[in-house]
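One letter stands for each residue in the lines below.
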Amino acid sequence: MLAILKAENIGMTYESGLIIKKRHSIFQGISLEIEEGHTLGLIGPSGAGKTTLGMILAGLERPSSGCVLYRGEDIWKLKGINYLAYRRGVQMVFQDPEGSLNPRKSIERSIHEVLRYINIPQREWKDKARQALEMVGLSEELLCRYPGQISGGQSQRAALSRVLLLNPKVIILDEPTSALDISVQAQILVLLKDLQKNLGLAYLLISHQPEVIDFMAHNKAVLESGGIRHESILPQGGGARPDPL
Amino acid sequence: MSRLGAAPIDDPLLRVEGLSVSFDTAMGRVRAAQDVCLDLLKGETLAIVGETGCGKSVVANSILQLIPGNASVQGRVIFSGRDLLSLSEREMAEIRGREIAIVFQNPSLALNPIIKAEEQIAEPLQIHSHLPRSLSIQMAKDMLRRLGLGVGGVAESFPFQLSGGMNQRVMIAAAMILSPRIIIADEPSKGLDRLLARQVAEELSGLRDKMDASLLLITHDLLLARDISDRISVMYSGEVVETGESQAVFDHPLHPYTKALLDCLPQRGFHPIPGASPSMIDPPGGCKFYPRCRYKHDKCMQRPDMTEKRCPNEGMDREVRCWLY
Amino acid sequence: MSEINPGLDTDAIAMAIHEGEESKCKKDGEGRTALARFIKKTSWAAKASGLGLALFSSFLAMAALSSLLAPYDPWIRFEPYLWPGEEHLLGTNDLGQDILSELIYGSRVSLIVGFGAALMATIIGTAVGLFSGYFKGTVDEILMGLTDIFLMIPQIPLIIVLAAFLRPSFWMVALLMGSLWWTSTARVVRSKALQVSEMGYVRAKRALGFSSLHIMLSDVLPNICHVVMPKFLLSIASAMIAEASISFLGLGDPATKSWGMMINFAFSRGGFINGYWWWYLAPGLCITLFVMSVVLVGHFLEEKEISTLRLE
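Read top to bottom, the protein sequences are chains A, B and C. The opening residue of the first sequence carries number 0 in numbering that gives the first Met the number 0; numbering runs sequentially from there. The opening residue of the second sequence carries number 0 in numbering that gives the first Met the number 0; numbering runs sequentially from there. The opening residue of the third sequence carries number 0 in numbering that gives the first Met the number 0; numbering runs sequentially from there.
Please keep in mind that the hints were generated in silico from the structure rather than gathered at the bench. Incorrect hints may appear among the rest.
[Stated by the list, open to error] Think about it this way: if two alpha-carbon atoms lie no more than 30 Å apart in a straight line, the pair counts; the simulated DSSO-like pairs of lysine-lysine are:
1. A:Lys219 - A:Lys196
2. A:Lys104 - A:Lys5
3. C:Lys303 - A:Lys21
4. B:Lys189 - A:Lys219
5. B:Lys308 - B:Lys41
6. A:Lys78 - C:Lys135
7. B:Lys295 - A:Lys192
8. A:Lys196 - B:Lys258
9. C:Lys303 - A:Lys104
10. C:Lys135 - A:Lys21
11. A:Lys76 - C:Lys135
12. B:Lys189 - B:Lys115
13. A:Lys219 - A:Lys192
14. A:Lys104 - C:Lys135
[Stated by the list, open to error] Cβ-to-Cβ under 10 Å is the rule here; a few derived chain A residues that face chain C:
15. Leu83
16. Arg86
17. Arg87
18. Val89
19. Val92
20. Gly98
21. Arg103
22. Lys104
23. Tyr116
24. Ile171
Values in this document were obtained by computation on a predicted structure and should not be read as measured data. Heads up, the beta-carbon is just placed ideally off N, CA and C, and yes, glycines get one too.
Construct the complete structure from the given sequences, taking the supplied hints into account.
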């Protein structure tokens, strides 16, 4: 299987202090591979640095050591078109659903921003926005609403629809459902699975709930005590589901 | 709304009868709770479970008249022979803290960050029981010790120096210091990780046992509710749809919503409920769950009453609001 | 499927609290006319803001429509030392110029200096604060170091010294004030920008790949506007008073008539001693009223912002 995103010997150290600097190492020597169309689950105790690792892989933070390879190339050395391909190819969805959307902008405006960014002509915006929402199971009535007026699950889906507009290959999901009710959690997880099947997306799923990882992931990695340990789940991947009552 | 048939097992400590709460807002009239009936028996833990926005917090706050003045509240809340909703603010102030205590959701917001923990716990003793300061501080320290926070100078610390879990326990200590007969815990596990949530819940249970109080637990965490409560009431969109013994409701849910909600659990396979919750501003007539229900038929356009169903192999009767029964 | 659940437990309560508080203000509104009833109904805060807005707009109108409002050209000389009377509502000064016309035309200069200095200070300050707060790190250190240097410069003495050496003109005064006063705006904007930059939606935009400049303008700036606006308005007030002070000290442009210059002339030409109160009372009152109106409008904007934030 092709590894689309790879981490090689990533280490992250924070410095604090003005003159005498204290070094605080979060993790060292982290290596992992995300295969195309598959999900890698990342689990570990809180404070272990899962979010930081996610942000490093998404290119939002620079590691103190090691490198991140997208399709074999170091992301911090990419320029021009190649960098753009990476920037669009690897996306991140964050934990706090309301936080991903600007509270002063309606959903419609938030989506239009992205459409403008990817150079879609203005006359197509209305259709594209509707399609984007449909893909995540939201009705177009939500377009005129503001993030504060819709529920957490809907916000999370709206944020996801923006990400999908960029046609990513890898989505890093940082605890996407921890702040949501279990019924909404189920909806979002099933949606993510469907999207993976239909669009061939690869996920790095960060969660503290083992059941979520077992349900979604093909491979599992545990981040603790500054290091990483790889485990595999079921050979066919994706976890077996008991039937409904 | 009266119940059918059987007499209650015990005389309930707290009885909520036909509680309806609605707010007038710019977007319309929000019906947060409709015709809610609950009984809290002596020495039991009753959990009210439901998704965010189903109205469970509104019900809990209404009991102690803690909701804003422009809400319209109907119904009765009977405690010690008096209707709490008809009491004046002064009379309520006597009851709050002393007889019925409430533990709120977010400890960092509910505690004053610049007053020491022990002082905040001791305050109810000074005000309600008029105890001298030194004695009340001593009792506060005792209570903290019982909650496992006796060491490490926690009592003398300020809330901003303590972690979320510790603050949660400080709040519980403050709530229980006067040995109230009823403790209402509003989402005590929110924002805490699983281990801590379980610890907090178990401490609540343990304390409740020791003080022979009753616990009204509001939560959206189904597993937590099942583990520490005796009975469970499931709410959906402002109404109570099912009430019964916790383990029984889990093993054999009767209401279609309860069944669907349990299916969402990771352990049951993450099966989502189709559709979305109805708007509370313009609620559909009839059964609220009708649009999303698997078993619907025409009768569901009318709102069903709460019926009792006898379950011979369970300890007590179940109540369900569904035309199937 | 298409129904929306606004997640109402907490939202409903929050909205209800807000509306409950508002409805308290609208208790009984008896009054004969609609205006009287309206005035009685609104709270003190609203009345104050309304007053501020009214005053502010009338000053703006005075400056814009000077030629229409002023009875005479302020440079024409009539009979000097006239008391306020029918022909000259505020009398004439020692040169025989109509004081009311001077006042009305003077508003132009004072307002231009005020706005000009405030605008310049706000633009520079916002830009510095925005870049500082968004990029953090080295950029932040450099910019804040610069800010500290500028803070060390004593402003009014510098203006006085420069005014004494260079040819005094009100443009120069405005320029100088603008280039020195941006520091406090920069600090305030920086702290708010720091806060907003940490917000989830900024982070999400970065992840989506938007450029930093776009994010700053599109997301951070609108959210710091409500901090910048009151500061801008208060800067206008400070600039105006500074200009008046400088003119009063005789360092302003003698060829233009600002309110400060009017007071200066009143003082130096013996108006105070001789008790010609109409020489200095009117401009003094104008300055006071304008500053007050600016403060009220600023306060009103802040209140509006707070109430919208509460609902969110």
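Against the structure shown, which of the earlier numbered hints fail to hold, in ascending order? Violated hints: 2, 3; rest satisfied.
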